[in-house]
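Two chains, each in its own frame: build the complex with the hints.
Residue numbers (the working numbering), protein chains in the order written: chain A, 67 to 602; chain B, 330 to 566.
To be clear, the hints were calculated from the coordinates, so they are not data collected in a lab.
Note that the coordinates shown come from a computational prediction; the quantities given were computed from them, not determined experimentally.
Each residue gets a CB set at the ideal place from its N, CA and C atoms; glycine is no exception.
Some clues are possibly wrong.
Taking CB as the label site, the calculated pair distances span [unchecked claim]:
1. A:Asn-577 x B:Ala-453: 19 to 29 Å
2. A:Ala-593 x B:Ser-418: 31 to 41 Å
3. B:Ser-418 x A:Leu-581: 26 to 36 Å
4. A:Leu-378 x B:Ser-467: 50 to 60 Å
5. B:His-357 x A:Gln-467: 21 to 31 Å
6. A:Thr-524 x B:Trp-403: 50 to 60 Å
7. B:Val-460 x A:Gln-467: 25 to 35 Å
8. A:Gly-446 x B:Glu-369: 35 to 45 Å
9. A:Gly-408 x B:Pro-435: 21 to 31 Å
If you want the building blocks of each chain, they are given just below.
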Amino acid sequence: MPDEAGSVAVPNVVTHATLTRPRRLDPSPSWKNRLWRTGDASPNNRWRGAAVSLAITGLITILGFWIEPFIRAPNLAILYMLGVVFVAVRWGRWPVIVNAVSSALLFDYFFIPPVRSFVIGDVWYSITLIGLLAVGLIVNTLIGAARDEALLAQRRAEHVSALYSFMQSVASGNGLDRIMGGVARHFMEMFQRPIVVLLPGEEGLSVGFASAEMMFDEAESRIASWVFENGQEAGYGTEMFSGSGICYRPLKTGSGIVGVIGFQGKSSQGLLPPDQLDLLSIFLDQTALAITRADLARKAKRAEALQETDRLQKALLNSVSHNLRSPLSSVLGVLSTILEDGSLLDAFTQQSLLRTAQKEARQLDWLIQNLLDMTRLESGAIRVRADLCDMHDVVAAALRQLGEPAGCSRILANIPPGLPLVPMDGILMVQVLVNLLDNALKYSGGDAPVEIQVRLDTGQLEIRVLDRGRGIPEGELERVFDRFYRVAVPGAPRGTGLGLSICRGFVEAHNGRILAMRRAQGGTEVALFLPLEART
Amino acid sequence: MSSPGPRVLIVDDETGIRRFLRVSLEAHGYSVNEASTGEEALQIVPAFRPDLILLDLGLPGVGGKHVTSCLLEWTQTPIIILSVEADESEKIAALDAGADDYLTKPFGSGELLARIRATMRRVAQPDSGPVFVTGELSVDLAGRAVRLGEKDVQLTPTEYSLLKAFVIHANKLLTHRQLLCEVWGGAHYEDPQHLLRVNINNLRRKLEADPTRPRYIITEPGVGYRLRTEARASAAL
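Pulled out of the complex, with its shape left as it was, chain B reads as follows (with noise of 0.2 Å):
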């Protein structure tokens, strides 16, 4: 616990799960420490105080979601849900809760260390600068310009809304909510759903060489939606 690498809390009522991530991410400079439970989770990380939570969803007890929110009321502390398959709407719930990530069990740790990266990644630069740059995108966001390589891209004010959010939120899972949430606001639509989808499709197409290969614009079938920005800032870690 003395280590001085970025703090990872585990909460998963497995132990075998447990040690896997402990030592795979002990292996890459993290400092970890584990709850078997959600009230444990919550006595810990007022001490503790990780800048990270790797939480799951099938906890005995106080369920994920419940912790999730819970946790964010008074921390700031990015979450990344782990959880198997049947637990989707659990999973969407805590997305929409706060909750910065998931992963679906069974991971890989190649794919565990690439999301804890990009979410701290994110977290660590809340302010891109005024303008944000990834692959042949970049968005100025005081000048309200969107630019593809050399080449001006125009957007309707909800598709600029929309890939403003992202922009904002880069790397960071949104909810199809959420994203209704931000770009929209409180207003009531008919079919929110559809709304979203046809401006994600226009703006897909005015962004995406191969609407089928997205580089930028990331669908979580059945949760939302994500920017991906490119490997280029990963290097910070």
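Bound-form chain A, shown alone (with noise of 0.2 Å):
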């Protein structure tokens, strides 16, 4: 029983059932090399065997008229005795009689007093006849068990190799794709015939791969799913659904059936041979596993991407609530303060608290600009509309959008004159300048100029924007661009950690990249570089 097989170590593949007909059960060429090439039983060998057999009794016959002077004549029935062994050793069944019968003959007529005649009932016929020929065929069945083991333990070293292989192959295979591929590369070298798998999805049992020459159709399909449901083989060669060429095995691990696998059954070489049929529920065994743990391996990752989704979701809610509180009770604390106390104070001071509160509400704002964004790259919703733009535009818009009193005139573009329109997302674009504009800003005090550097090289279009701030430390470069990071500086200003890692998803939305890079005499440069070339 195939199924049960599945937990048997390797080198039990082949049962003893097989000793009795090994010859007959090999289609495969590949097994064609034999140690032992002398077992064959076709008639063209089994005449040949004969032909030889004769040949041999003839030449032991002349060599002993040559020595029979010397020796005593009966003693040369031990020469027809190694002419019989050779032949039993060599040659099968056949040839070892027609060995035996013929010596017996040509000893008893040529060397058995009388000479020359054949005595019916000569005791010596008989008794050189009868040894002859059980010596013959003693041997010839011993070599021929001794061969059958030797050929029994080559094939079973070839299965072995096959499915270690194999399982090599599928352990090492990490997503379903890949080891599909081998399952079907690894089949066909062992069964030499095409194979098509299934597998269960949302909609039901889905074709997960097939080879080029399988036909599988609705029809096809149907007795797939009742092999998925019953768990029981069908098709091609079995009780149920036999007018299908296809033959369908359940794929069955402890846990359940994970899939279904469908093989050509009609074949030039027919049915699958019995000792296969073990190798084969192994192979099944095997590629159930390793489905199933592809299937764990898929699990597992979605758990990890849920976990740091967790894990981002509580840096939002740090985020929400330490960055939106404080900005929002600076303005509750000024419009308390002035509803309370509006009469305590000067007209300066309520001035001066009022536009506290108006900065902090400006930074409220921006920050839920920022969530927003965030949110929208998060969840997929951003959408790039390449359209063809101008990016003395984008920079004017971002530089509008920061505002004349952010310092607006220690920007300086330097975009060339005769720059061809370039296709992006002229919104997102915008954004992503307004973020690192302001962050250049931020960083770099004083009159320190900040300039926007564009570019168009091969393919590309580079957008540049450089200060002359504090700098990013060297290790934590790329980490900037991750979400809620924030490089440790005492007195830093304010920030949630968004913009940058809103840059980044942005910028990879266009199939872009962004990195950020220390300058030689201080500072910090972020360079962008667009494709050109049209998104699909």
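Structural data, given as structure tokens:
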């Protein structure tokens, strides 16, 4: 029973049932290079064996004439015995009989007195015949058994190595697609048949892999579904749906059925030979295990992603509660102060308090914008609408959004005058620039200039924002693009750690790259690379 | 309501916003009326006959876009859209339908008043005379002559039509679609956006000293463009 063999260790692949008729069982060309080619019982070989037997008997007889003067005639029987043994080793049963009979006849005729005559009932003749036949047949049987054993051992080794390489391939494969590819390739190598693998999905069983030669249609799919539901084999050569050309087997594991495999049942070699059935069942078990493993890996990955989402949510909550509440507290504080103690404050103080509140409220708006953008990025709601944009226009819009009082006059834009229109989502890119410029202005105090450089390179647009701020520590150049990551600097301006990660999200949505570098004379350079070909 | 200033109708469902708008506008001499829904706005307009309508896009019931088209069917009253960022496509639709301008919430009263003044100014002087002047730029619509300071500017016919559209609607936000309609008429081109951008780009190169800090033709990302006139005329209000 193939399904029970699942947990059996590999060397048990071939059971002793195969001993009785090993020669007929082997349809595999790869197993043709035999250790022993002699056991072949084809008629051709039998005739050739008989002819060789006769020739050997003849040669021994001639040799007998030559040495007869030196030894006693009955001892010549030993020579004939040698011949029989030789034939028994090299050839099959029929040549042995031919050899034994002809040896007995020739021995009796030429060497047993009365010489050159057959005496019926001659005791020498009978003993010689029986002796030769017995020795020949016994030797032949023993040799045959040894030969079968060797053949078996060799096939076993081949099965083991085939299974081993199969297991290695499915174990090293990550991802269901690669595993399926390996399964199909090894099935072809081991059984010379194309296969189809069906896996359960959200909408029932669907084809996970099908060899190109496989004809798989609606009717076949129904058979496969039946196999999946019932956990029994069906199709060609079985009791269920035997009209199909494909033989279906369930892929079972301890926890249930993980899929169905179908292989071409009808083929030039007929049904799968019995000794390969065990190999097949191990193959199926391993495939089932590999599929389960891939499934588990996928689930683990999803769990990991969920964990990451969880972590982000915590960071988000943290950020919201801290970054949104602090400006809000200022606003509320100012408002309540003026409402309750307005009469105690002079106009100038009230003005300055209100200005603070206004600034904080703007900050709040900016934070909400960032959080919204982050959420849009997270949920995949960002859709790049790439239009041909004028970089001057994009930079102008960013500068206007930053507002002149923010120190815009410190910003030098260096855009080649002849720059053609470039494909990008103008709104998103304006936001990227606003974020980068805002950072650059914020982290480089005083009048230090901030520079925007735009350059057209082969196939891509380069946008660089350069400042003379305190710079990002070497080890954190990549991490600054992580969500909620902030370089730990005492007294740094307030921020959420979202700006740069939003920039990266928007740039990557354009299939572009963004990276931060330290400048030689101090400061930071953020470089954006946007591909110029239109996005699909 | 008896105050003599320009009449402004505020249409917004949020009491807080209406209150803030009323206080700031009345402080600047406007006469204000309020509506909290689109239906109410449509009822008030005939009697109140506002000079300008501030219309929130996120109204419950009849949407702001619908109110815009209804209003514009029988009145020339300029409309300024108040929107939040998520209303992007609604906003463009309302502007395409004929609204004059938009303000994204949250906004300060300074910004609001500046927009209202610019819009009123534009409406008050539909014919700016044969020669339009702002900053260094002068456009003689009768003589088809464009000058920047002392220099003549050579424009292609398309660039000129574009500039003419801007001049006629000076200070008004013109959406991409409106510009395409105005300059290229109903003709269909393969990539009209591209056509528009190339011409704006060329026009800017000829008119602006620093294209990254444009003085005249201002881009509203994702929406359209406007010709900004310089503050000289704003002394009128």
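Would you say the C-beta atoms of Gly-408 of chain A and Pro-435 of chain B sit inside 21 to 31 Å of each other? Given range 21 to 31 Å: holds, Cβ gap about 23 Å.
Do the beta carbons of His-357 of chain B and Gln-467 of chain A sit within 21 to 31 Å of each other? Because 26 Å falls inside the window, the suggested range holds.
The hint says 35 to 45 Å between Gly-446 of chain A and Glu-369 of chain B; measuring C-beta to C-beta, is that right? holds (39 Å)
Quick one: are Ser-418 of chain B and Leu-581 of chain A within 26 to 36 Å, going by C-beta? holds (34 Å)
Holds or violated: the 19 to 29 Å window for the beta-carbon distance between Asn-577 of chain A and Ala-453 of chain B? With a Cβ separation near 49 Å, Asn-577 of chain A and Ala-453 of chain B fall outside 19 to 29 Å, so the hint is violated.
Given a hint of 31 to 41 Å, does the C-beta separation of Ala-593 of chain A and Ser-418 of chain B actually sit inside it? holds (33 Å)
Can you tell me whether the CB distance of Thr-524 of chain A to Trp-403 of chain B sits inside 50 to 60 Å? Given about 58 Å between the Cβ atoms, the range holds.
Could one say that the CB atoms of Val-460 of chain B and Gln-467 of chain A fall in the range 25 to 35 Å? About 33 Å separates the Cβ atoms of Val-460 of chain B and Gln-467 of chain A, which means 25 to 35 Å holds.
With respect to the beta-carbon atoms only, verify the hint that Leu-378 of chain A and Ser-467 of chain B lie 50 to 60 Å apart. For Leu-378 of chain A and Ser-467 of chain B the Cβ distance comes to about 56 Å; the hint holds.
Checked against the numbered hints above, the structure violates only hint 1.
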